[in-house]
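Now for the letters of each chain:
Number of protein chains: 2
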Amino acid sequence: MVHRNPDIAKLAGSYLFPEIHRRKLAFLQANPTAKLISLGIGDTSLPIPPASIQGFVEASQQLGDAATYTGYGAEKGHAILRERIAHKLFNGLVNADEVYVSDGAKCDLGRLQILFGRGVTIALQDPAYPVYVDSAVLGGITGGYSRTIAGYEGIRYLPCTPNNGFFPTLTDSSKADLLYFCSPNNPTGAVATREQLKSLVAYAKKHRSIIVFDSAYAPYIQDKTLPRSIYEIEGAREVAIEIGSFSKLAGFTGVRLGWTVIPQELTFDDGSSVKTDWDRVTTTIFNGASNIAQAGGAALLTDEGLAQVAEMINYYNSNARILKEAVLKAGWEAFGGDHAPYLWVRIPQMTSWQAFEWLLNDKHLLTTPGVGFGPSGEGFIRMSALGKRSDVLEAEFRIQNSE
Amino acid sequence: MVHRNPDIAKLAGSYLFPEIHRRKLAFLQANPTAKLISLGIGDTSLPIPPASIQGFVEASQQLGDAATYTGYGAEKGHAILRERIAHKLFNGLVNADEVYVSDGAKCDLGRLQILFGRGVTIALQDPAYPVYVDSAVLGGITGGYSRTIAGYEGIRYLPCTPNNGFFPTLTDSSKADLLYFCSPNNPTGAVATREQLKSLVAYAKKHRSIIVFDSAYAPYIQDKTLPRSIYEIEGAREVAIEIGSFSKLAGFTGVRLGWTVIPQELTFDDGSSVKTDWDRVTTTIFNGASNIAQAGGAALLTDEGLAQVAEMINYYNSNARILKEAVLKAGWEAFGGDHAPYLWVRIPQMTSWQAFEWLLNDKHLLTTPGVGFGPSGEGFIRMSALGKRSDVLEAEFRIQNSE
Chain S
1 MVHRNPDIAK LAGSYLFPEI HRRKLAFLQA NPTAKLISLG IGDTSLPIPP ASIQGFVEAS
61 QQLGDAATYT GYGAEKGHAI LRERIAHKLF NGLVNADEVY VSDGAKCDLG RLQILFGRGV
121 TIALQDPAYP VYVDSAVLGG ITGGYSRTIA GYEGIRYLPC TPNNGFFPTL TDSSKADLLY
181 FCSPNNPTGA VATREQLKSL VAYAKKHRSI IVFDSAYAPY IQDKTLPRSI YEIEGAREVA
241 IEIGSFSKLA GFTGVRLGWT VIPQELTFDD GSSVKTDWDR VTTTIFNGAS NIAQAGGAAL
301 LTDEGLAQVA EMINYYNSNA RILKEAVLKA GWEAFGGDHA PYLWVRIPQM TSWQAFEWLL
361 NDKHLLTTPG VGFGPSGEGF IRMSALGKRS DVLEAEFRIQ NSE
Chain Y
1 MVHRNPDIAK LAGSYLFPEI HRRKLAFLQA NPTAKLISLG IGDTSLPIPP ASIQGFVEAS
61 QQLGDAATYT GYGAEKGHAI LRERIAHKLF NGLVNADEVY VSDGAKCDLG RLQILFGRGV
121 TIALQDPAYP VYVDSAVLGG ITGGYSRTIA GYEGIRYLPC TPNNGFFPTL TDSSKADLLY
181 FCSPNNPTGA VATREQLKSL VAYAKKHRSI IVFDSAYAPY IQDKTLPRSI YEIEGAREVA
241 IEIGSFSKLA GFTGVRLGWT VIPQELTFDD GSSVKTDWDR VTTTIFNGAS NIAQAGGAAL
301 LTDEGLAQVA EMINYYNSNA RILKEAVLKA GWEAFGGDHA PYLWVRIPQM TSWQAFEWLL
361 NDKHLLTTPG VGFGPSGEGF IRMSALGKRS DVLEAEFRIQ NSE
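Keeping their order, the protein sequence lines are chains S and Y.
Those letters in the first sequence? Residues 1 to 403, by our numbering.
Those letters in the second sequence? Residues 1 to 403, by our numbering.
Any given hint could be a false lead.
[Stated by the list, open to error] In silico DSS-like links for lysine-lysine, alpha-carbon gap of 27 Å or less:
(1) Y:Lys88 - Y:Lys10
(2) S:Lys275 - Y:Lys35
(3) Y:Lys35 - Y:Lys388
(4) S:Lys24 - Y:Lys275
(5) Y:Lys175 - Y:Lys224
(6) S:Lys10 - Y:Lys275
(7) S:Lys275 - Y:Lys24
[What the hints assert, rightly or not] The following label-pair restraints were derived from C-beta to C-beta distances:
(8) Y:Gln29 - S:Thr276: 20 to 26 Å
(9) S:His3 - Y:Lys35: 24 to 30 Å
(10) S:Glu357 - Y:Ala74: 25 to 31 Å
(11) S:Ala307 - Y:Asp269: 35 to 41 Å
(12) S:Asp279 - Y:Gly331: 58 to 64 Å
(13) Y:Tyr69 - S:Gln264: 55 to 61 Å
(14) S:Glu394 - Y:Ala74: 39 to 45 Å
(15) Y:Thr193 - S:Pro32: 33 to 39 Å
Simulated from the structure, these hints should not be mistaken for laboratory data.
Each residue gets a CB set at the ideal place from its N, CA and C atoms; glycine is no exception.
Whenever a hint applies, use it, and build me the whole structure from the sequences.
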């Protein structure tokens with residue numbers, strides 16, 4: 001008889017989102033008329049820009065016409081989309097051939113585990129987007145969940161707190177084969193400076209690590225001196241993979257479109273090409289993102305589409321500003337929210353779950369307990385600014401009317 | 001420094017499609033004016049039915065409107081699509097809750113490796129769709145490629161030839177944890193009878209195996225007494241997963257939409273639910289198929305859409321009939337093609353590659369050498385009937401004018 005995969009059993013330790021869901025349902029059952037406002041999951045609320053919609057519709061109509069129908073596309077994506085990602089989003093710092101179009105960052109994080117296999121160690125920012133940890137557990141490269149460290153054995157958690165400006169203290173003992181790094185950060189909203197990323201690249205070179213750089217929130221960077229891509233740092237092409245997405249760029253959360261960049265220069269210790277192996281993984285267990293989604297992505301990466309994106313980003317950044325001011329006026333601590341759609345909030349004298357419960361029961365605001373993103377998240381909650389303005393203004397009102 | 005994943009290195013043995021591509025390019029370079037007709041890769045050529053196109057367009061327009069925009073959907077898919085798959089395609093033999101919408105069978109075959117982990121053995125029909133083998137190699141459950149067996153160590157290849165009517169001889173020594181089975185078969189075009197599938201289910205029960213049943217070509221079955229789903233067999237819900245797709249059902253090869261069914265009754269040896277673990281895998285490293293693709297899929301599974309599907313299937317089945325008659329008239333052997341868009345052809349006195357080269361150079365027909373699908377494919381070539389009628393008629397002419 002077939003044995004259960006022991007790596008999946010380990011995941012029982014990650015209970016964050018089911019637990020939030022359980023408490024939300026319990027609240028709604030007890031308060032059926034409450035108007036709950038969600039600042040929880042980072043889902044987008046604005047419609048997708050018109051340029052992309054037109055791209056979707058045209059591609060759909062072409063699929064219905066014998067003269068223009070196309071079937072399987074290249075697993076790595078349409079050439080025009082890869083060209084535009086390379087030129088419009090990376091300013092030519094990467095080549096179109098190094099861009100692999102995906103159905104979203106989360107899916108490629110899973111495939112990256114298959115690329116690297118079971119022989120690697122990983123380190124990551126703590127707190128971090130839970131998929132880095134959970135996909136590593138599924139990939140079988142961790143031990144079990146430990147209540148003592150509030151995390152998995154074998155993963156190197158690099159604390160990111162107000163004390164170190166949310167940039168990890170990189171020591172020889174924290175080295176690992178893969179170094180997951182997210183900037184602007186989910187959940188803290190922190191953005192790494194050019195100097196910080198230089199030190200990260202130098203560290204990876206010294207220890208011969210590969211950085212998995214998640215730039216899903218790069219479009220939210222307002223200050224043009226802050227780096228939007230790891231490839232703005234000299235030498236990064238030899239040590240870094242970068243993952244991005246249309247989800248937070250243009251509201252494609254349900255449409256599913258992203259990319260992963262694997263530079264030519266990136267090699268394993270035997271000198272063989274990481275990119276060649278990624279070609280093999282993606283052609284074997286992936287068949288490309290939906291051609292309709294790709295057409296909408298390509299249409300977005302035009303002057304017209306990018307102007308529409310700028311408006312959308314501006315709206316969410318304004319949401320974040322409104323929320324941050326309200327939080328600070330309430331006498332709480334707030335981080336992030338300047339170049340990211342997330343605020344990282346600490347309410348005095350409360351644990352993450354206490355703050356979550358208090359905001360839920362007293363303010364009818366749904367947030368995400370910071371401790372769910374890693375042990376160093378304790379004491380914080382994450383607020384998402386990706387909601388509608390009317391909800392954000394109502395949340396502002398409720399926060400400001402705190403005792 | 002990071003070591004290369006040894007499992008990916010093993011895949012070097014699978015050289016079929018790159019080799020076909022290399023020979024095709026060499027031919028085109030030598031014969032730049034030749035009108036090459038592809039009966040090779042199983043890609044669709046007819047436009048997608050109007051019902052789905054309307055579904056795509058409406059969903060796209062909804063994403064562009066603030067009143068109807070939606071972001072992340074459930075990882076397992078839209079409820080209406082799951083309901084329709086359960087009722088329109090499975091006649092209620094499965095519940096909507098057991099249907100998991102995917103971005104295609106190939107992608108779910110990769111995720112199934114992650115579900116089962118490294119502790120399982122596999123057996124499969126030989127020849128078979130190469131993704132079963134290649135995803136198992138990537139999943140690290142095989143040994144290296146062996147030229148002697150023309151396959152991977154550790155995989156149990158179950159020969160399917162004209163001698164056994166393309167149904168494997170199931171013995172105690174061929175047992176394995178996972179049993180991949182495809183009917184109608186890619187590449188042989190063979191369809192398993194009800195009695196054969198009964199024996200397969202009984203065998204899986206006896207050896208406590210799980211059947212991974214690939215029914216991607218089920219819509220091509222003409223004879224209503226032949227089973228279209230493994231769940232038509234009593235007891236199959238306790239031993240089988242079934243994978244299907246909109247690709248060959250309605251030309252969604254580039255749109256990316258499929259499904260996997262995991263019945264409630266399916267358990268591991270500890271009594272725990274396979275479905276619960278699949279929930280965990282898909283929520284961790286997948287984020288749902290594109291919402292636009294799902295809307296087109298749901299629109300197809302209506303009376304209007306299914307009538308359009310029937311026309312399309314009829315067209316491809318007629319292609320297969322034309323090709324099969326031509327092949328038989330030429331004095332070659334032909335199998336399949338009655339309930340599947342593939343013909344499995346044997347030209348006297350030729351190996352697979354000899355037949356491939358002869359058809360390419362003398363007839364300007366591109367096919368797929370059978371040996372690329374497994375050792376028992378030697379001597380055969382696969383012809384796809386998914387092309388345009390005009391190409392099929394031209395292929396018929398060229399085949400009939402064989403010496």
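Ascending list of hint numbers which this structure does not respect: 1, 2, 5, 9, 11, 12, 13, 14, 15
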